[in-house]
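Could you build all of it, start to finish, from the sequences and the hints given here?
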Amino acid sequence: MTQPPLTLFEKIWRQHVVASSGEFDLLWVDRHFVHEGSFHAFDKLDSSGRPLAFPGLTFGIADHYVPSDLSRLDDDPEVAGMIRLLEDNTTKHQLTYLGLGHGDRGIVHVAAPELGLTLPGLIIVCGDSHTTTHGAFGALAMGIGATEVAHVLATQTLWQRRPKTMRIHVEGKLAAGVTAKDLALHIIHQIGTGGATGHAVEYTGPAVAALSMDARMTLCNMTIEAGARVGMVAPDETTFAWLRDAPQAPQGETFEQAERHWRTLYSDTDAHYDKSVSIDAGEVAPRITWGTSPEQSVAVDEPFAPTDSEATRSSLDYMGLTAGRPILGLEVDQVFIGSCTNSRLSDLRDAADVLKGGTVKVPTLIVAGSNRVKAQAEAEGLAEIFRNAGASWGESGCSMCVAMNGDSVAPGKRCASTSNRNFPGRQGPGARTHLMSPAMAAAAALNGKIVDVRQPATGAPS
Amino acid sequence: MKPVTQVESPALLLLDANIDTDQIIPARFLRKPRSSGYHHYLLYDARYDMQGQPRPESPIPESTAPGSSSAAKIVLAGHNIGCGSSREGAVYAFVDYGIQVIISTKIADIFRNNAIRNGLLPIMLQQAPFDALVAYCQAHPQATLTVDLEAYEIRREDGSCLPFELDDGSRERLLKGIDDIQATLAWQREIDAFAKHYLAEQPWVVPVNS
Ligand code: SF4
Chain A
1 MTQPPLTLFE KIWRQHVVAS SGEFDLLWVD RHFVHEGSFH AFDKLDSSGR
51 PLAFPGLTFG IADHYVPSDL SRLDDDPEVA GMIRLLEDNT TKHQLTYLGL
101 GHGDRGIVHV AAPELGLTLP GLIIVCGDSH TTTHGAFGAL AMGIGATEVA
151 HVLATQTLWQ RRPKTMRIHV EGKLAAGVTA KDLALHIIHQ IGTGGATGHA
201 VEYTGPAVAA LSMDARMTLC NMTIEAGARV GMVAPDETTF AWLRDAPQAP
251 QGETFEQAER HWRTLYSDTD AHYDKSVSID AGEVAPRITW GTSPEQSVAV
301 DEPFAPTDSE ATRSSLDYMG LTAGRPILGL EVDQVFIGSC TNSRLSDLRD
351 AADVLKGGTV KVPTLIVAGS NRVKAQAEAE GLAEIFRNAG ASWGESGCSM
401 CVAMNGDSVA PGKRCASTSN RNFPGRQGPG ARTHLMSPAM AAAAALNGKI
451 VDVRQPATGA PS
Chain B
1 MKPVTQVESP ALLLLDANID TDQIIPARFL RKPRSSGYHH YLLYDARYDM
51 QGQPRPESPI PESTAPGSSS AAKIVLAGHN IGCGSSREGA VYAFVDYGIQ
101 VIISTKIADI FRNNAIRNGL LPIMLQQAPF DALVAYCQAH PQATLTVDLE
151 AYEIRREDGS CLPFELDDGS RERLLKGIDD IQATLAWQRE IDAFAKHYLA
201 EQPWVVPVNS
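Line order of the protein sequences matches chains A and B.
Counting in our numbering, the first sequence runs from 1 upward without gaps.
Counting in our numbering, the second sequence runs from 1 upward without gaps.
Some clues are possibly wrong.
Claimed, not checked - Chain B regions said to be covered by chain A (calculated; three or more residues, Cβ under 8 Å):
| no. | stretch |
| --- | --- |
| 1 | 24-36 |
| 2 | 80-87 |
| 3 | 108-115 |
| 4 | 171-181 |
| 5 | 190-196 |
| 6 | 200-206 |
What the hints contain is simulated information worked out from the structure, not anything from laboratory work.
Even for Gly, the Cβ is constructed at its ideal location relative to N, Cα and C.
Here you go:
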């Protein structure tokens, strides 16, 4: 009997089914990450009276409540208390904990992949929706809620209904100055924030295969903004090369054994997807969001809110904009380069290329995604370029992506941001967020307004 | 978890599309302990201004507050309610406010999962019946809706009746108020057998330092 052709997603799912009940499968979980916000789950676990099932497979990392300036923790006992609560819970349950001061700490979606905790073929969960990021390695990775986190802690399994499958095929090649962030915003604009709801997305095609691991992570990271809980790329030579250097990845003979398995993780020819979308990478330009949803974006040389409707009006009102004018030249009050979307080494290199030799016109905060990235950026001189340009260089963590650690955008202020969400209030009550790539954000910092990073005249004086 | 069988109340209308979890509960409240209730924080920035004063244009009228005579237990929500993050606090905010049912044309995946696990019934309707229900509630703001999970029905005071669907597993969980962890213990033998086999076959899945 021959196997029917399967997608990458179906292969991994099948390998993890422990039991089934009605429409739900009980899945084995390989990796589980907890952060400060997971305290509700620990409370639920404790009240269930159950111990942790497999402490070696759950990792605690402080990220959400870590401010870019650690000295501020002294003045904010509530924020500091959140980090302490995580430390207490991980100590109590004997989990590996990467806390303040740990050289490997960082945003969970940056730190775990670089440590090699994220591997192809694994089921990875975390009480954070951007867990989709880890799909860049060909893992099945998804965000879960606190009750589910407690369930994973107690049983190392998770009940899930199997989502449908969706392929996003990207033909062609991204042009110079166009990044995975632009591609992600382009796709979300095209299919909408609900365009992939209920589906596990697999990105395929030459433009995806050509992406670095950093870029694949950016793409998979934003998949949740299109409504999908899973976004993945099949593992290939780029993936294996990354893992070979990772400290917690399998080593030696075990690595070879693992790699043999990883090479079976691809979608079979003729595998069926419930939905398919095709994108031409050549059509993607640097994109910027103008509204309060990640789907509300335009190419840098387009006017925003092309149609003035009731739906766009509330976004425009919140953003303090009127329909029909070009986004080019829009003044910004500040710039944030960071978050699990765009705070890896290549993102910081992109920003440094633009900032080198220039001076920022508006307050600019640059935050590495992890302490490892931070150390590397310092070693190769990127941090110096940032400081010389007048930007602030902060402690790694979620920082200004989310207004919960003391870094935030003031009411009514306009921020060019490399993060992933421009919802009302996301970066602070009344804050106005424009999402874009690191290079575009750096160019906005130099000019105090939105410019097209592809036009040399708008970059740093050379 | 409190079982949900039959819920009767006037409906609270939150009809904007894409009400995301950041709006449902702003991030700064997520550090609050649950013990004092999350109902204070439900749609906080839309209800209160920067000084903490109630906004006249608040989407939640005081008359629907928990404990009031016409307290709402049912929400009719715009398309794609609960989109955004996995924060379960968004569900706690509704639940602590006394909401037991959310009806929309689309409810975001993770929010929906979280809802079912916290005794909040998520109902997705087609556009036309949803619109009709909204029109009815707008025309009769005091009217009571009855959501009957046993019968899969939403009944209006005028006798009209609307069917809805929900998968069996979620329905049972809500009807009986089943706690997840306890329920899964019935599968402990399967879990142990799977783990033994799986970890032996694929030694690389366990991180080197643990
Ligand atoms: S950087 Fe932002 S989106 Fe990413 S995990 Fe942190 S808060 Fe969430």
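Exercise. Report the numbers of all earlier hints that the structure fails to satisfy, in ascending order.
Key: none
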